[in-house]
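There are 2 protein chains.
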Amino acid sequence: MFEEGARLRAERGAENIFDFTIGNPSTEPPASLQRELLKLAQEPVPGMHRYMSNAGYTETRQAVAEHISKGTTQQIEAGHVIMTCGAGGGLNVVLKTILNPGEEVIILTPYFVEYMFYIDNHGGTAETVATDPETFQLNVAAIEAAIGPNTRAIIINSPNNPTGVIYPAETLQALGEMLTRKEQELGRTLFVISDEPYARLAYEGQSVPCVFSHIKNSIIVTSHSKDLALPGERIGYLAANPSMDGVEQFIEGAIFCNRVLGFVNAPALMQRLVTNLQEESVDIDAYQEKRDLLYQHLTGLGFKMVKPQGGFYFFPESPMEDDVAFAQLAQKHNILVVPGRGFGAPGYFRIAYCVEPEMIQRSLPAWERLAQEVGLV
Amino acid sequence: MFEEGARLRAERGAENIFDFTIGNPSTEPPASLQRELLKLAQEPVPGMHRYMSNAGYTETRQAVAEHISKGTTQQIEAGHVIMTCGAGGGLNVVLKTILNPGEEVIILTPYFVEYMFYIDNHGGTAETVATDPETFQLNVAAIEAAIGPNTRAIIINSPNNPTGVIYPAETLQALGEMLTRKEQELGRTLFVISDEPYARLAYEGQSVPCVFSHIKNSIIVTSHSKDLALPGERIGYLAANPSMDGVEQFIEGAIFCNRVLGFVNAPALMQRLVTNLQEESVDIDAYQEKRDLLYQHLTGLGFKMVKPQGGFYFFPESPMEDDVAFAQLAQKHNILVVPGRGFGAPGYFRIAYCVEPEMIQRSLPAWERLAQEVGLV
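Taken in order, these protein sequences are the chains called Z and W.
No gaps in the numbering here: position 148 of the first sequence is 148 in this note's numbering, and each next residue is one more.
No gaps in the numbering here: position 143 of the second sequence is 143 in this note's numbering, and each next residue is one more.
Keep in mind the hints are simulated off the structure, nothing from the lab.
Since the structure is predicted, the reported quantities are computational estimates derived from the model, not experimental observations.
No false leads were slipped in.
Listed below are the simulated SDA-like cross-link pairs for lysine to any residue, each with C-alpha atoms no more than 20 Å apart in a straight line:
# : chain 1 : residue 1 : chain 2 : residue 2
1 : Z       : Lys-39    : W       : Glu-43
2 : W       : Lys-39    : Z       : Glu-43
3 : W       : Lys-39    : Z       : Leu-38
4 : W       : Lys-39    : Z       : Glu-36
5 : Z       : Lys-39    : W       : Gln-34
6 : Z       : Lys-39    : W       : Lys-39
7 : W       : Lys-39    : Z       : Arg-272
8 : Z       : Lys-39    : W       : Leu-38
9 : Z       : Lys-216   : Z       : Arg-188
Pulled out of the complex, with its shape left as it was, chain Z reads as follows:
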């Protein structure tokens, strides 16, 4: 998609292309990150580019642990945290740690397509379960029905990519209770892997409930790609619920997997930079403004969608039955979007609105022409 956008910009002029395909924040990191970088550049700490323990710097892990502890009933220690090469790296480390070949991982439709590859990397099989088609909220009964003797884990993602929904505390609690029941029934541990790079990007003052308060065998995997706008820097972490069965063994295994999968660790310089920024984030209000502007315009034109509570994606219904054909038609109007079938949900399309507000403004007439062409207005 990166290449396709670049080709069209070269062909039709960058200012004429409205690229809503990639979750690559156009915003810059908070000023505090720039200050930390300048400080380290001016007064480099000896050895600051060297290897560290395979789990990462203790002070970074400590800072992360304190941050997570604030949002949950659990007491997280540095020893529950491992710094990883982004959330992608973290997810692979977790899957390598917990999966035996042939075991199943439940993912929820619409899903982030990389989950399929990550599960396959470690000999697992992805089982898809649909979320509620009206709300994109979890269907706990459907998840329960999908759990079998080979199920090892469920990946959830809140705020969600691509739908923008947040799973409320009651849902996580219901999921946790169901899993405890199924674990007893099946005599095996079922993990919830909570992929939450958008956790600090929640609108209208909401906070995203922490999975640790509701689900015992749970793992958080996240990165600072979105909250500190550092997607190219591969800086993330995983954290294990201290209440997890055999939590020490899990952490030991995950440190080993971090190393042997070849990630080894998160970049040293970035670990230092984010240590003091655990309570910071990019300007959420700016994202909310973009959401409101585009949501109002698009629903006004007749596009149907769930209003996102966090993150920076819309997942509207495709006005044409064939979402790939719709994305191609949109391209004629210089609008680039991703067909829903890439997320296991044909009949929808994804808009990433982590773009310049000016681009959103400039795109509004194009959206109108597109809506006209498909007969919405």
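Fit chain W to the given chain Z structure using the hints.
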């Protein structure tokens, strides 16, 4: 090993522990890297922390391609280079790209132990072939004898970890000719993966011959961990020989694997920092001085070893038959080394001399006491 060293330093005092276990350069990156970092910190480039194309920044790939082209008869383009999360990431990307489940990869004893895990990660099987026990040089006939219908690749590493030997051009040529013959015989491609993070660390003005000039189906994998002293920063690359059969298909596959393995890419900031430093390296003379000092002292005490031509490791014979027992005995004298069996070579041990010269100086009497205790002097 990181943790064991830390424990002993805490117990016996940091200044009393002579830790020769880890290839974690004590040297700082070249001053030019610090200048590039300061420049970026003072005048940040908009969007410099964002995602880029999955293969990395074009200008970084271009700089790498120009650097490699200087040392070989092949003309390398940016399109033959992919930026990776260190050499560990690069090796995993290559193995995922070329291996089918059950295929074999030949590694040479003594080998870097992570190769075993990397091959296993992608469903492959490691086949070990011994190097010449006197010189640690390649035994092309033994490699030929080990090649069968399931062989897919051979990993070589020059300058070598743990032995410090460099494979001369004639050996690479002989290896290349043998492989071409075997490829015709077997009707399949056999890859040479050249893992060369120590390529700029060659002593006495030697340069390490480029595998691309001698072996058609070859891939370079490396990082700036050692040559620019950035081991914690996960910055490396892979490059494919333009003469390779189906080179475009290989590169396309490797870009995909870089993404789906979860590495996604090398850190954005580090890619920028190394772009203009492709001809730079840490002070090689300083490494050579360390090598000479320790080599003279240890051989004077009766330790037997091949004199390293590059890198920063010695791989001496263990004066006790049991190399693990020897490493334990060394620890009694506050000397930390790695037993050879960790490299598939019992009866040897590894010394990493990428440490402060002062530590080497301080360790000399301890080595003498150790030599006395094992009856060498």
